[in-house]
Structures are given as C-alpha cells and as structure tokens.
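Novice: Dock chains B, C, D and E against the given chain A, drawing on the hints supplied.
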Amino acid sequence: MQISDHVRHILAQYDGERPGVKANLARLLLHGRTGGSGKLVILPVDQGFEHGPARSFAPNPAGYDPHYVFELAVEAGLSALAAPLGLLAAGADRFAGAVPLILKANSANSLAGHADQAITGTVGDALELGCSAIGFTIYPGADSQYEMFEEVREAAAEARACGLAVVVWAYPRGGKLSKDGETALDVVAYSAHMAALLGAHIIKVKLPSAHIEQPEAKSAYAGMGIDFSVLSNRVAHVVKAAFDGRRIVVFSGGPAKDSQALYDEVRAIRAGGGHGSIVGRNSFQRPREDALAMLDTVIRLYLGETAGA
Amino acid sequence: MQISDHVRHILAQYDGERPGVKANLARLLLHGRTGGSGKLVILPVDQGFEHGPARSFAPNPAGYDPHYVFELAVEAGLSALAAPLGLLAAGADRFAGAVPLILKANSANSLAGHADQAITGTVGDALELGCSAIGFTIYPGADSQYEMFEEVREAAAEARACGLAVVVWAYPRGGKLSKDGETALDVVAYSAHMAALLGAHIIKVKLPSAHIEQPEAKSAYAGMGIDFSVLSNRVAHVVKAAFDGRRIVVFSGGPAKDSQALYDEVRAIRAGGGHGSIVGRNSFQRPREDALAMLDTVIRLYLGETAGA
Amino acid sequence: MQISDHVRHILAQYDGERPGVKANLARLLLHGRTGGSGKLVILPVDQGFEHGPARSFAPNPAGYDPHYVFELAVEAGLSALAAPLGLLAAGADRFAGAVPLILKANSANSLAGHADQAITGTVGDALELGCSAIGFTIYPGADSQYEMFEEVREAAAEARACGLAVVVWAYPRGGKLSKDGETALDVVAYSAHMAALLGAHIIKVKLPSAHIEQPEAKSAYAGMGIDFSVLSNRVAHVVKAAFDGRRIVVFSGGPAKDSQALYDEVRAIRAGGGHGSIVGRNSFQRPREDALAMLDTVIRLYLGETAGA
Amino acid sequence: MQISDHVRHILAQYDGERPGVKANLARLLLHGRTGGSGKLVILPVDQGFEHGPARSFAPNPAGYDPHYVFELAVEAGLSALAAPLGLLAAGADRFAGAVPLILKANSANSLAGHADQAITGTVGDALELGCSAIGFTIYPGADSQYEMFEEVREAAAEARACGLAVVVWAYPRGGKLSKDGETALDVVAYSAHMAALLGAHIIKVKLPSAHIEQPEAKSAYAGMGIDFSVLSNRVAHVVKAAFDGRRIVVFSGGPAKDSQALYDEVRAIRAGGGHGSIVGRNSFQRPREDALAMLDTVIRLYLGETAGA
Amino acid sequence: MQISDHVRHILAQYDGERPGVKANLARLLLHGRTGGSGKLVILPVDQGFEHGPARSFAPNPAGYDPHYVFELAVEAGLSALAAPLGLLAAGADRFAGAVPLILKANSANSLAGHADQAITGTVGDALELGCSAIGFTIYPGADSQYEMFEEVREAAAEARACGLAVVVWAYPRGGKLSKDGETALDVVAYSAHMAALLGAHIIKVKLPSAHIEQPEAKSAYAGMGIDFSVLSNRVAHVVKAAFDGRRIVVFSGGPAKDSQALYDEVRAIRAGGGHGSIVGRNSFQRPREDALAMLDTVIRLYLGETAGA
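Note that the protein sequences, when read in sequence, are chains A, B, C, D and E. So the first sequence is numbered by my numbering: it starts at 20 and just counts up by one. So the second sequence is numbered by my numbering: it starts at 20 and just counts up by one. So the third sequence is numbered by my numbering: it starts at 20 and just counts up by one. So the fourth sequence is numbered by my numbering: it starts at 20 and just counts up by one. So the fifth sequence is numbered by my numbering: it starts at 20 and just counts up by one.
Extracted from the complex, chain A is given alone in its bound form (with noise of 0.2 Å):
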C-alpha cells in the first residue's frame, strides 16, 4: 500500500537509521488491516519456548501445528509474526510474502533456575527466512542483565548493518526487583528507556500497574501531578520514556483474559498513544473462530471504528 501520513511521521522519527531498517519498518507499518494506522498488532508466538508446549497449546491444540499460527496471523490480517527459529522455518516456504516476518532470536524456558536467555537465532536465519525484524529479550534487573545488553547490542549492530529493524522485548525481573516490580509504572518506563538506548527500534513491554518499585524515584513521580491510576496515563508515561514517543512502544496482553479486559486494555493503549498491541496467548489459545473475531475487535479498536462493546 502507500505510505500513508502516520507512517510517514514515525519513519521520520528515525532519521539517521539506514533506508533498508526504515524500509522494514514501513512493511510493518503498512502490512495487515491496522496497515498505514500508524497501529501495529504482532501475533507472538514463542510461549511453547518459554512455557512449554502443553501450557501453551492444549486449550486450543491447533496451535500445536506451526502452519496454524501462520494462517491464524494472515487471515486476522495482523501486521506480523513474532517466533522463533524452528517455528519460522516449519512455515516461512509456505507462506513466504504473506505476512512480515519477527524472529525472535533468543529464549528462554521455565526449567531454568535463573533468568536469562539463549541466543537460538541469529541475523543469517532472519535473512534467509525473509524477516523484516529481529527480537530479543532483556530481563532489566536480573543478574545476567548487563551480558543480555552486550549480547543484544552486538547482535543489533549485526542486524542494522543488514537493513533488519531490531524488537525488545523489555521485562523487567530477577535481582533485587519485587515481584509486582516487574509490572512497576518506574521500572517498566525505566526498562522501555534502556531499550531505547540500547538502539531498539520497536519496544514491548507489559501494561504497567500503577505500583513505584524504586523508593528513589517515589517523589519524581508524586510530582509529575499525573493520575497514575488511569491505565491511559501509565501507557503515555512509558511512551514518553521511548524517546518522547520517538520510539514505536507496543504492549503485550499477558495471561489469557476474557474478551472485555482485553478490549479495555487496547483503548487504553490508544487512548495512551501507545503503538498497538502484541497478543499471544489471548489469541492462540482460544478457538480460531472465536480468536479471529477478538482480533478483529482489537483492530477496528485500533482503527477507531469501533467501541468494542
């Protein structure tokens, strides 16, 4: 499609980036129903990784096949796929052109004792597979965070140079952070910060709860005269965070939730200015018919032409 007004304000954003990141950018941008919006909607589906498979896809065991996941992002006619190796490559053939493509370079799985993660993709596989993006986690906070920066960091470089946009995906944990500190209002626009510094070109983060995790940063926050209890303001505050909303900031929906929740989440995202959505397990573990008709209210969320009700 054209590139459209809203896209040509965010890719200009990234002045100095090299053309073929922007290039990849704008075939997010523009790709899917929420195409040329300036809204993104990312269907994530690295939860069998960093789960298991049985939590992951016995609710809804089509998602077991990774053919599945694909024709659930084309036909939702979402903006791309986010996955991992084995995953993209067990479909990239078959429906090469037809939806962007994010993989998701390194994981992690819920046997592990301690939080990090392995690098289980590399910029060669995102060539040959036709991504338009590479994405890694950082765990802020955690012990291995500072070897997670180095790792990214080089890997983004590598990426860069190869015209491939580079995905955070920013989640706070391990360390001396609480537990409700890792959904913390401070530390996950804390978090979006140093992905952005870190040469992030696209951010996902968590919706933050209204909780300040840093004893420090309490007054910063008493004094911004901001009503951090709307969901909406706790969205701006961490877009503001992006570089002033420079950066495109997308927040994920966490744990399976009714449909309502949801929908409520997406308007406070917009209403907040934030970028759009990354929806897994809210969309993967449910029926197809009935995944196909949430995701379709997410967009026309996102389009403005719907309430959602």
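Take these hints with a grain of salt, some might be off.
Which copy is meant is left open, because identical chains are indistinguishable; a pair holds if it fits in one copy or across any two.
What the hints assert, rightly or not - Pairs of lysine-lysine residues, derived as BS3-like cross-links and limited to a Cα-Cα distance of at most 27 Å, are as follows:
#: 1; residue 1: 225; residue 2: 41
#: 2; residue 1: 276; residue 2: 237
#: 3; residue 1: 198; residue 2: 276
#: 4; residue 1: 237; residue 2: 41
#: 5; residue 1: 195; residue 2: 41
#: 6; residue 1: 41; residue 2: 276
#: 7; residue 1: 198; residue 2: 41
#: 8; residue 1: 225; residue 2: 237
#: 9; residue 1: 198; residue 2: 237
#: 10; residue 1: 276; residue 2: 225
Note that these hints are calculated values from the structure, not bench results. A quick note: this is a predicted structure, and the numbers were derived from the prediction, not measured.
Specialist: Leaving out everything else, chains B, C, D and E in the frame of chain A:
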C-alpha cells in the same frame, strides 16, 4: 496485499529456493498496480551510467534528480525501481518502503572500448538500502563473458544466502556475434536459458527479432513449425527457454519510440506469456504527465483492462 | 530405493529446508529394512564415552571393536549408526556406503561433576566421513542448558548449509529437575518442543513416564481429557509437541531390559505415531545372534509384520 | 541396497580416499537399476548451456522443463543426473533423495570464440543441493588447458575434503589438435590418464576412434599388437590408461543416433571393461516412451540380461 | 561554528547517509573562511606524486616542506588540505585540529606508461591521521577504468562505514578518448555523473571546454538550447549531471595561470552553482604572500565580498 493465485503459482516454480528469496519475489509481485496479477512493470534507471547523463536525461531534465525517478515509480504504481548504487542511495531513505528496489550491481559506460562491466554494488549495499533484489548484466558472447558469469555466480550465491532475489540482464554482444545477432531469436533464447542455469530468479532480455544468428541452430528452428515472424511467438519461445516458464522473464522496451509501438510490444509480451516489461527511456525521457499516461496504459494492458488503442 | 508415499509425506513437512538436508533425511528413511515405511531403527554407540567401556561393552566384548557395531547395523538392516568421531572414523572407510552415519558431535562422561557436554566432532568431520546427519545432546533444565542450546544452534546452522540433517538428543536433567522429572511427560514433551524450535530435524527422547513435574503444568494436563497412564498416549503427546508431528521423533530404549518389555515399548511407539527407536545397549550388549533376532522383531513390529509375541 | 562384491571391488581401488568420497561413490554405484553391478548409466543435461536450448530441447520440447529430466532419470532407474546449477536447483527439492545428483560446476557456450569454461557452481552449492559429486570439464590441448587443470584441482581438493566425488569430463580440443585428434585413441587415452592424475574419481570421455593423432605416439601404438579397429579394444585401452582400471571410466554417446548404433557402443563399452555410459541427447531428445525403452535396453545390456537385438 | 542554512541545505541532500559522514561533510563546510557559505576552497598537494617534485615545488621551494603546505592551508583559511599519505603524516601531528584533512588514497606518476593509479592509502590511515575524507582518482575511459571503479567502490564502502566522506577526482583519459575529449563537456559531465553513481560525496572535475567528444551525444547537447560557449553554463551542466546538484562538485584550476584568469574561472563556477575550487599549483607554486593574496581574493569572490578586479 494478499497472495493471489497468480503469485502463488509463480512462487511454487521456485521450489527449493530460500524462503527469504521467495518473500522478496512476493514483494515485487504484490506491489504496485500490477500487484497480484503475476505481471511486473519495472523502471530501470541505469542509462546515466551506460550512456551518460545528457543522452539520458536531457529530453526530460527532471530525470537528472534521483528523487524524480523514485516519484515516477511510486506515482505510476510500478513494481520496482532498478538503479545503480548512488542513485538508489540518494532516495532510499526518503522513499523507504514506498517501492521495491533492485540494486543494479554492475555497470558499464559508453566510453569503454570493450564489452565488460564493473562491479559497482554489493549484497551488503543492497541489504543496507532495503532492496528486494540485486541485478547484474551479462554479455553472452563477449570475450569477457565467462568472467562475468563467474562474478554473477559469486554475488548471486551471497545474495540468495541473504534472501535477496537475483535479476540478470542478459544482453548478448561482442565476440563473434553480428550486430543483428545481439537480438537474434536463437541468441536471446540461449541467453535467457544461460541466465536461468546461472541461478537467476528474474531474467531481463530485449525483445528478439526473427533473425537466427547461429548457422548450427537454423535447422532446429526450421523444424519447430512455429511462425516466428509473429512477435508473441518469439516471446513465447524465450519464455520456454527459461525452464519452460518456471523463471520470470521481463522484456525491455529499448530506445524511446512512439506509444503505439510500445503498446504493440506489450500486447505481444502478454500474448506470449512474458511476465512484464522493464521500461526505462520510454518513461523517464517523457514529460511526467506523458510518462504517467503511457505507464497507465501499459499497466492496464497487462491487467487486460484496455485495448490501449 | 524409490521414494515411497510415507517418505514423501514426511519430507513434505520440512518445506523450506535445503534440498541437501531433505536428501539426507531421505537417505535415512529409505535405507535398511524399514526403508520406505516412514520408521527408523537407529543403532547408537556413544555409551563408551558416556558410561565407560567396561559398563558398555563387557556384557558382550565383541562391542569393544568398532567394526563389530558397523557390522551389527549393516547385518540387522538398521536405518543408521550414530557414534562419536573416533568410532565412526574407525569404520567409515571399510563400511563406506553400507549404512548411513550420524556423527554424535558432543559427548559427556560419567567422571564429570556437572551436566554438560564437550564438542567432540564438527560438520567438517561429518562431511569427510560421509555422514548423513550430525547429532547433539542438550540437557534441558541443566545449569549449562543455554550454552548447550547456543552450541547446537551454531553447529546446526553450519550443518544445514552443508546439507546435513540435525539430530538432537533432548535429555532433561540437572538444575531444579527431580530425578523423576527427567522422564516426566511434561518435561519430555517440553524438551522435544524446544529441540524442534532449535531447528532439529530428528528429535530423540526417552520414553516418558506419566509423572508431571512442573506444578504450573498440572492443570493443563488435567484438562486434556487424555489417559496418560497409557504409554502410546504419552508417545502421541510428545509427537504432538514436536510441531504436531511435523518433526521426526524417535525414542530410546534406555537401559538393557528383557525383550518383551522392549517389544511392548515398540508397539506403544508405533501406536502413538512415533517415528522409531534408537536401540543401543539393548542390542550391542547382547550376543550377536540374540541382538539380530531382537532387532529383527523390532523391525517387523514397525513394519506391522509380526505381533512380536 | 547392500554393498555388492562388484561395488566393494571398485571402492577398494580408491584406497586412501576420504570415507565420505567412497560413500558417495557407493551411492552412485548402488542406485538405480544398474545398482550393485559396477556399471553406471548417467543422464547429463548440460547441452542447454553448451549448445543452446533450441538445439537441445526442440526435438522433444518436454525437455525444456527441468522437472522432466529429473523424472526421466528417476523413472528409467538411472545412476545419476548431472547438470549445471540452475537446472539442479529447479528440481533438487521436489526430487530430494530420488536420484543421486552431480553438479556440473563449469560450463561453456557455443557463442564463445575460444575453448574455455566458466566456473558456474561450487562445492557449497553441491552440498546444499544434496549432490553426491561435482563435475568439471577440461579441454586437454586447449590454450587454456593449464588454467582449467588448476581450477579443477583446486575445486576437487575442496570437494574431497567435503566427501564429494569428483567427475572430470575430459574433452580434448583446441591448440594444435586436429578435429580428428579430438577423438583420437592416443589423445583420449592421454586425457583420461591426466584426469586420473588430477585426482578424478570418475572420468568421462568420448568413445575414441582408431586415429592416432600424435606422430611421436604412433610407434608405441603400432608396437602393442592390439587390433584397435575393434571398438572394445579401444575402450579397454582407455580404461587401462586410467590407472589400469582403478578409476571409473564412463563413455558418452555423442550426438543423437539410431538405437542399434547406440546398443553396439554399449556392447563394446561392456566388452572393453568400461564402467558405463553417460547418455544425454540420445535420451532426452527422444519422446519419453522411446527414451525409456532405449534406456531399458541399455541397462539390460549392461546387466547382461539382453542381447539388445 | 553554528550550522548555517546553506550547510543545512547541502547536508539534507545526503539523506540516508551515515550520520558520521554528514558530520565530516559538515566539518569541511564549516571550516575556514568560507565556512557556512556552502562553498569549499581546498588545497590539494598531490602534484609531487603525479608530476615529480621539481616540476611541482621548484617554482616556490618552500613547498618541498610538508609543513609549509599545512601552514598555507591554515593561514589562508581554506576548507581542507588534500594530499597523499606521507605528506599528511608529516604534518598531521603538529597541525592536528588546525585544518580538515583529505587523504588522497590512490596516486599515479608521470613515469607510468598507462593510465592507472596505485592504492597508496587506506581508510585506516585516514582514521589514524584524523582525516575527514578519503579521496580517489578515477580515469573514466581508460582501459583500467572498471578496475579503478571497483577499487573505489570497495574503499568507499569501508570509508562510509567509518563515517568518512568520499571525494572522487574524476579525470577522463585514455582508451578511445581524444586529448580534447578529456575536458569535453559531455565527458566531464558523464564522469561527474558516474562518480555520483559510485557513491562519491564530493566530486572533483576539471573545468570543461565546449567541445563535445561523443558523436552519439551531439544531438542531445544541440537540443538543449543552452549556450555552452559560456563557462558558467558549462559549470551548471556538470553540477546538474551530479544528481541535479545534490552532490558537492568542486572544480580544479589546472596548470598555473595568471590571477585574473583564475578569478574569472571562480566567478563562472560561482555563477554556475559549483561548490568551490580546488587550487593546487596556482597557490603553492607562488611565493607565500602572493599565494595568500590570491586565495584571499578567491575566498572573497566565493563570499560575494569582492569583484576581484
């Protein structure tokens, strides 16, 4: 846009190719106004290098500006823009995502005394600029032909590993070929076949004449029982030489000519099963409005929407 | 032999993979007495490295001689022989072309204090020895698991580029896993799934018990409505976790046992849709004639030619 | 299939060669209907590059499609298919494992003014496509012969390190050779010997005439006391020149001819101890049924099953 | 100094270029007395290599000392000093930061029998010496032109990756060009265009004559309706050939001449939209005070501060 049946059929001919290459072929086949039809209309602007700027751009001085040719490709809804490094680099940032790009990676000039080309771009350049393909000229018959084949083979292997499609401009010349032999039916078909054997995904040739250059080929042609005085039959023969139509073959318009002659050629390409046109001087040497009107007719001819009278 | 429908169906699951990898998978699937049936019976002889020669070969001292195990694999009509570098190198010349080889490229020993493996073979070794595949062990759950994943990923990428198939021995152990957890259904299925995501073409796991190790997975299993006290249902679940059966999964026999127990396992593997067995100690620790008789029964069970009573 | 005595005997001639090379020679010698007999019948399809598509495929237009020649090789039960990169790549995926492949890695065309070849494939290509061997043409006697020897030697060393067999097409031509000299007995035997000295595992030559080209060789031939007017004696002489029969030598059928003439040649090759035939134009230029019937007779002649009357 | 509108406008033409390259272009454009005006006056001292020291420095023996030319460039307030490795290395320490440096990275001498250049400097040298740019000569039309293009392309890619600007001296000569053709308008414009296509950021050409060298270009020039007997029109044409003025084009003064002739050339360059002068022999071959006075006038002419009478 969605993958159409036409595009699915073409991609299926490239079985065994890397998914990334297929994804980039899909990008070319899905973009622009012919997107989804299985036809390509490509704007090449390498004549500045090949013939010099005055001969190329003086007829329509707007063409001196690289941005003009990007705009022309975008506005006309073409499938791709093909050009040498410097020209693509001058617009790839501003027009990121607006039109698929093909880096013409070797170049010759009219000051040279022999038929050869210099390598003027690399796979790395193509990736950095966000190109979907990389293109090379070969001169079958020239004294330097085998060195050119080897250069193309080496760069093509690197391109495929990075998911880029490979376009070969097969232009017979030099050696023992007569001037008429450069567009002879047997020689053009032979050149298209060699390009396919060298691994080209898209083959670009000139429209062949009915002349048969090689004495030892005359009986083979005489025995086919095909009326080669008809241009569409010649087109069909060249397409057959490209692995029985398994490779995309596009035809060049050659020197600027009047519109009716060009439309007749397009009709013959379409009737003969050719995959499209690469229209350079006939488009950028005309005033913008004339060029857009002509390209509109060419596109509609390929889509079967007009008789182009 | 000719490609059978069973083999064609299996190869089609690997769409997008390099033709050379498919050709090597075809070699494994077409060789030996199960050739063409879609089933594999593989002889692994890495126990000398893993447990020491006396524990491995004293029960049948013929096994100390590498040539013996080649002869056993050839005479029994097995699909392949898998072993570390030195053992394969000791017979690959004399038995060239007689049986497909899998280079087991990392190895551990029982003298070690922690769960890890050394890289003891390379892709270059595998090519020089004429292997069809290269194999790696991973220990999901171990403290070193992520480093192992990264080693496997790097070598697997190199192997695929050279047309070699990649076999992953997925053996959960270490970290916070209990001893029962190493063969727990959830953990084995999880490990098979991760092997597929890491790009394995063939996955080797132990037959799972009905134990569920991870507390957070229990509800998922409880909700499936499947009787996991039945071994074939557990096999089917593991196969499903390997991309819904798109990846070849073979099961190990584990410690030596009586023949009937082994046959029961084979029946369950076949009933559950598993792709075959990897039978080490149960074959090479028996006297030659016993081993051949047992393997004959195993093969006939897979071919549906006997009840193996 | 099992290694036969014939095959074991041939492999034993290559003592000291890498096991992987022997395994690939075994693949060729065990495949197809001549499998195990020590004879090879190979389909080469490089004439499109060498002579152009019309001269090659117009007599039987089905041959324009690469899939047709794969099907022909599979259906006829041939030992291998040999072709340049693009043709193999067009079918290697769909026909993975169905027939051993030989990558013809250098190529010439009839537009050239001098006797040389371009490198058009690499060891990496051969591995990726799952080939068993890589083949090169040399032109003993040509001005470029030493460069060609060096190119072959370098690629052959790389191929052997990767376990690939090396096939050399030894075609004397150019320099001071007369036209008759290109198939002269002394020159063909000389060429086969040099191919063996360059490290070829399989040597492909044209059937020699009784002409002796080199004046200084005449007395040697006169003194042998062998009746070289008998074709089988000439075959035996060439085989002797290839390390006393320690290297596989196959003979080409040359231009299309009638079946009886071809069968007579096969009888002579067999009687002279040649290892088989490489039959290109005589097979793919006939209608499919004719070609299959002819190849069936050729195979039965090699197997001693028919008199081929 | 602050970025001026002139400089901002010029930098904007290089959209998509690496920020480091732009920063170095800005250094050149902001330094010296023309800083901020969008004009460059550069001192090149490569004549010692090209013509020998006596012909270069005997007229003003102070020039034998590299420090003298650094002092001249600094004292005259020039934009940059361009010279081969040894000369720059002899002053880069003492004059560090005093004037931007351009490493002339290939060099020829008048002892040579053919038109070519040796690589005499590298990107690493340029970085180590603190240069802002690296320069290369190409000889369009020479037998070696394509090899030179390839050398420049390779070094330019490395330079850009390190943030260095690339200057190309485009000097047509050799091959079928006549002596008059070396400065012919069509050939100079063609050469400037090719330099831009090769990725040059700054293009240096000789002032063109009104001669048209290429017969096939004559009609294009005749049809432009421009009076090319006027030097400023010829300058404007060359600038247009450099991507419609998107690339910086500077003109050389050529052999030493009287000041008025030089001032007339500067007036024409300025009137035609050229970006400045590169003044070698006319400056360093004069006594210091004369040179400084002449350069003062040149600078004031570019700044519009004098009529230079």
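Novice: Now, for every hint given, state plainly whether the structure supports it.
Specialist: Consistency of the hints with the structure:
no., hint, in the structure
1, 225 to 41, "within (25 Å within a copy, 34 Å between copies)"
2, 276 to 237, "between (31 Å within a copy, 19 Å between copies)"
3, 198 to 276, "within (20 Å within a copy, 35 Å between copies)"
4, 237 to 41, "neither (37 Å within a copy, 42 Å between copies)"
5, 195 to 41, "neither (37 Å within a copy, 44 Å between copies)"
6, 41 to 276, "neither (34 Å within a copy, 37 Å between copies)"
7, 198 to 41, "neither (37 Å within a copy, 45 Å between copies)"
8, 225 to 237, "both (20 Å within a copy, 26 Å between copies)"
9, 198 to 237, "both (18 Å within a copy, 22 Å between copies)"
10, 276 to 225, "within (14 Å within a copy, 36 Å between copies)"
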